[in-house]
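> In case you want the letters, here they are:
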Amino acid sequence: MTDQDPDTAHSRKPNPGTPFPSKPVSDIESTPHPAASETAFGSLKEMHAYMRLAREWDLRFEKMFRTGALSKWYSSVGNEATTVASACAIEAGDSLLTLHRDSGAILRHYLDINALLPGILPQVPAIREPMGGDSKQRFLRLTCQMLGREHGFSSGHERSYHYNLFEEEWGLFHIGMISHLGSMIPVAAGTAFAYQQQGSDRVAINFIGEGATSTGDFHEALNIASVWKLPFILVIENNRWAFSTPTSQQYACDHLADRALGYGIPGVQVDGTDAEAVLSVMQTAVARARAGDGPTLVEAMLGRHRGHSEGDDSLQQVPEQELQQYVEQDPLDLVEKRLIDGGVFSRAWIDEVRERCASLVTNTVDQAMSMPEPDVHQPRSIYAD
Amino acid sequence: MQTDTSTESDDTLYIDAISAALADEMRADPSVVLMGQDIAGHGGAFKITRGFLEEFGDQRVRNTPIAESGTIGIAIGSSMLGIKPVVEMQFADFISCGFNQIVNVAAKMYWRTKHPVPLVIRLPGGGGMGAGAFHSQNIENWFLHTPGLKVVSPAYSGDAYRLLRAAIRDPNPVLYFEHKFLYRRERSPLQTAPVPDRILGESSILRSGTDITTVSWGWMTHRTLEAAEILSQEGIEVEVIDLPVLSPLDHRGIIASVEKTQRAAIIHEATCTGGFGAEIAARICDEAIWSLDAPVRRITYPDSPPPFHKGLEASRIPSPERICSELRQLLDV
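Just so you know, the protein sequences line up as chains A and B, in that order.
Residue 528, in the working numbering, is where the first sequence stops; the numbers in between run on with no holes.
Residue 428, in the working numbering, is where the second sequence stops; the numbers in between run on with no holes.
Any given hint might turn out to be false.
DSSO-like, lysine-lysine: derived pairs with alpha carbons at most 30 Å apart [claimed, not checked]:
hint : chain 1 : residue 1 : chain 2 : residue 2
1    : A       : Lys279    : B       : Lys209
2    : B       : Lys209    : A       : Lys215
3    : A       : Lys279    : A       : Lys215
4    : A       : Lys206    : A       : Lys279
5    : A       : Lys188    : A       : Lys166
6    : A       : Lys188    : A       : Lys480
7    : B       : Lys203    : A       : Lys372
8    : A       : Lys206    : A       : Lys480
9    : B       : Lys405    : B       : Lys142
10   : A       : Lys215    : B       : Lys203
11   : A       : Lys166    : A       : Lys480
12   : A       : Lys372    : B       : Lys142
13   : A       : Lys372    : A       : Lys480
14   : A       : Lys206    : A       : Lys188
If you are wondering where the hints come from, they were derived from the structure by calculation, not from laboratory data.
Start from the sequences, fold in the hints, and give me the full structure.
Below is the structure:
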């Protein structure tokens, strides 16, 4: 033990982890992104719509938590560039395994946003085809899932993102998390193994936090996936704080992406607040996996915007200056700035997209709240028939 | 393959029954994939998969790194997308390294999501060979306490064959405990009845009796039958019930038998406290306590790890002599 005051020994020091790769959005020069072209702006427009929907989704549930209408919430605010861009890099037929900060990936993978908000996007998707099937129904069921309603994917038995959704006819294979972080890494690699066994070119992506890289399952699964060359992309959403633990107390290497070297696979660190940068990295990783060349480890650098869960006080561990830095690097602000600076969108249209997304979420939540709660007398089987 | 089940041989070794069940199910269903440490070229620590690599190829017979949790997790994920994985633990004891994947991911998946996990984990377990604390344990109870798993414990070659094939066909995660002591000692005919497509609770009366009911599984069923034979010569008739399937538990047969004999003992090789014997005793007390003329007895391993020295180990495993002695006490003779 040291002589340091235990209250200040760790808690209020700036997180000495990896330097943040981007500047505050306000300091970024008002010129188009170097990669900007009509196509690139198409990608940006598409990602922007889903990122905004994800943001409004979280803001709505955060508010419900604060008013006591919801017993638990984990916010995805700040992760939207990484999650939406990653889900833009996969297709129907691929498998998606998510954490509790991945509403952006879920919404992008599940929905055709034009079906929910007609005219919000150009007719032709710039990056990927939307998932087939009934987006409105899926969005309503997703909302019911968050609210524990009977119509949710787990009929009220499982919390928020702890569910699966398979719609084989549309190639939708989404497996949710359990609370034991890192446990789904081998399961995700297992879906990739199924694809390899079946001779398909499908791939699996899995999101984890930087905290889960300390688990045994991270090593075991990534090692087997590398030895077997599984079509698997593991995305670390490194938001620098695991509950209240900073990266300096989580790992001693400079970059988690460097661990890939130890598995004999590519490892890439990317600014996770930059949707275009993430998209580029993920498209390369997915193409590599589809070609049969094995896994990629992606480390997306983010910042913690919220507590571990809403209502805990873990955010108080993040020094104010550091938190301020993350807020100034809001991924949505960056996308919107690029679209405005590029002359693609007006501020008025940006505002309209936000209003329409917020209304959609509010209306769907209202609808879900009026739907039946689970029948408490209904037994639920532990065995498949 | 060394075993050809197409001809009805009289007797099959327990270990060969397991090999045959794996091979026959792999031939019948191309989605069956084996994973385990040293199972491919080497044929596994007990040679159960010897020759499989040649017949089924390295895509379906997968050597894994030493990573029980990773392997079981991969098996779970693949089972959700059409693969039927059978994972071999080199020794049952090593399953502790994969515990979380089994009890939290596999066992709860169907209840949580309604998505089946058709997974089999084979667990060579049990003592009697002086193999020490980490190659001899009987750990079925770790999993009997977890809803959502099926647990199988065959004592005979026929059950080993039938239940392994049924386990592979079952849409649920099945833990298949095979007893190493029986591998090359138990020899009996394979059954010719059609293989069921799932594991159901089953109990079977191997010997009828009127004086006391015993409940056992795995190796202990053989020792209980030896004890029953000795006691029969003394005029004591033991009704011996074997449980080839521990979960789901078919306790109705046990209750019916106890109502007839009015006495009961549970014999298991696993340690005593919190063991499955306690559960069976509780069921008997719940449903048949007014029929009982004596306390329900558990005849088990002491609450300690398996020692290395063969004599030390033998002193801990319930022997036919000890079973006889304890049953005589219950009968007050």
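> Provide an ascending list of the numbers of those earlier hints which the structure does not satisfy.
13
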